[in-house]
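Dock chain F against chain W, hints included.
Here are the chains, one letter per residue:
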Amino acid sequence: MINEWKITLKIYRQKGQEPPHYDTFELEVNPDEYVLDAIERVWAFRDRSLTFAHACHHSTCGACGMRVNDVEKLTCITPIRSVVANGGVLKVDPMRNFPVVSDLVVDLGSLYQRMDQVGHRSVLPLGEEPAPHPAAAPAPEDLQALRLADCIECGLCISACPVATTTPAYLGPAVLAGAQQHGLNGDLKLLELVDSDSGVWRCHSAFECTAVCPSNVDPARRIMDLRRQVIGARIARFFGRG
Amino acid sequence: MSNKPSPSNWPKWFDPRRREAGSWAFILNRLSALGLTFYLFLHLIVLGTLAQGEAAYDNFLETIHNPLFILGELVVIVGAVYHGLNGLRVGLTSFGIGVSVQKQLFYITLAITAVVAVFFAVRMFS
Numbered sequence: 001m002i003n004e005w006k007i008t009l010k011i012y013r014q015k016g017q018e019p020p021h022y023d024t025f026e027l028e029v030n031p032d033e034y035v036l037d038a039i040e041r042v043w044a045f046r047d048r049s050l051t052f053a054h055a056c057h058h059s060t061c062g063a064c065g066m067r068v069n070d071v072e073k074l075t076c077i078t079p080i081r082s083v084v085a086n087g088g089v090l091k092v093d094p095m096r097n098f099p100v101v102s103d104l105v106v107d108l109g110s111l112y113q114r115m116d117q118v119g120h121r122s123v124l125p126l127g128e129e130p131a132p133h134p135a136a137a138p139a140p141e142d143l144q145a146l147r148l149a150d151c152i153e154c155g156l157c158i159s160a161c162p163v164a165t166t167t168p169a170y171l172g173p174a175v176l177a178g179a180q181q182h183g184l185n186g187d188l189k190l191l192e193l194v195d196s197d198s199g200v201w202r203c204h205s206a207f208e209c210t211a212v213c214p215s216n217v218d219p220a221r222r223i224m225d226l227r228r229q230v231i232g233a234r235i236a237r238f239f240g241r242g
Numbered sequence: 001m002s003n004k005p006s007p008s009n010w011p012k013w014f015d016p017r018r019r020e021a022g023s024w025a026f027i028l029n030r031l032s033a034l035g036l037t038f039y040l041f042l043h044l045i046v047l048g049t050l051a052q053g054e055a056a057y058d059n060f061l062e063t064i065h066n067p068l069f070i071l072g073e074l075v076v077i078v079g080a081v082y083h084g085l086n087g088l089r090v091g092l093t094s095f096g097i098g099v100s101v102q103k104q105l106f107y108i109t110l111a112i113t114a115v116v117a118v119f120f121a122v123r124m125f126s
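These protein sequences, in sequence, are chains W and F. Going by our numbering, the first sequence opens with residue 1, and the numbers climb by one from there. Going by our numbering, the second sequence opens with residue 1, and the numbers climb by one from there.
Bound-form chain W, shown alone:
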């Protein structure tokens, strides 16, 4: 028998220039379902005007990032029981630091453009992206095989970043992590972009990006590593070697 919980889903609503508000829906759910399943149920059976983004349902596409009870989550892999108790309220908001298009959908265009700008590669050789666990380390003959990059460009890290809240100019954790993945490698244009007020030095070490990242990217660590790369490149250029 399926264990059923009763929860209240409180969903952020905003259409066009209308002032935002919350709609609430009483739902019966299996607590082992995911938050995205509950949102889809509202759309399917209660309110067809609800707008939200999703695609793969297995944390690969990065489309369903939202704030669940004020914490950034990829809703397709967030079990309901991990964020609410039986009888509780599950609040769902769109991500911060991006313009809201409609309800739970935000415009991630600035993120995608910047990822392109820093040369982030969505696909790269196995040998270039360290394996998360030693057991998953590729065999030497597989190092040139291709894999998808860890970053799924969901935008959760930018939503969680307190610095990104105040300045749209800040490149943000995902983009800086993308630059680190690309590597400076004598790319002067990229060096100027990340070694700036809106680049690596804007980060104030709150580490929220790494805390919410659903995909093993660890943007904070990459930002710190990029700082070392920037300093190395500047020193090399000072001595005429860059």
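No lab work stands behind these hints, which were simulated from the structure alone. Honestly, I wouldn't trust all of these hints.
Stated by the list, open to error - Here are the simulated DSS-like cross-link-like pairs (lysine-lysine), alpha carbons at most 25 Å apart as the crow flies: (1) 15(W) x 91(W); (2) 6(W) x 91(W); (3) 10(W) x 12(F); (4) 91(W) x 12(F); (5) 12(F) x 103(F); (6) 4(F) x 91(W); (7) 15(W) x 4(F); (8) 4(F) x 10(W).
The following block gives chain F in isolation, referenced to the frame of chain W:
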């Protein structure tokens, strides 16, 4: 549209709800920095009373010799210790040292600050 970044969102820096240890460190760092900056100006104003002569300065010292001002001095000491230690933490992690243990470094910072606070509180109020 809502949720866009804006300079007017800066009060959100100080909202610790649903935030991780790193954000608490960030918030405390900002608050202690603002407090120490405020104290620096206050300190300069106090030193300015010296220009009015020894009697004026002694008079001022007499005025501030009460538990409220001593508590203020304790807050300054605690703020300075926290800000300095967290500055070391941020300095190390900023260059890739100890990033994976940044939470533990924050807890150590808090623990040392607490010990210093108790030490000075006992000395200043006894």
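Cross-check of the supplied hints:
Simply put, residue 15(W) and residue 91(W) have alpha-carbon atoms about 18 Å apart, close enough for the 25 Å limit, and the pair holds. Proximity of residue 6(W) to residue 91(W) is assessed by CA-CA distance (about 14 Å); at most 25 Å being required, the pair is judged to hold. With a C-alpha separation of about 22 Å, the suggested pairing of residue 10(W) with residue 12(F) holds against the 25 Å cut-off. The straight-line distance between the Cα atoms of residue 91(W) and residue 12(F) is roughly 19 Å, inside the 25 Å bound, and the hint therefore holds.
At most 25 Å may separate the alpha-carbon atoms for a hinted pair to count; residue 12(F) and residue 103(F) meet this at roughly 21 Å. The suggested pairing of residue 4(F) with residue 91(W) holds, with an alpha-carbon distance near 20 Å, which does not exceed 25 Å. Between residue 15(W) and residue 4(F), the direct Cα distance comes to roughly 15 Å. Compliance with the 25 Å bound is thereby established for this hinted pair. With a C-alpha separation of about 21 Å, the suggested pairing of residue 4(F) with residue 10(W) holds against the 25 Å cut-off.
When each numbered hint is compared with the structure, no violation occurs for any of them.
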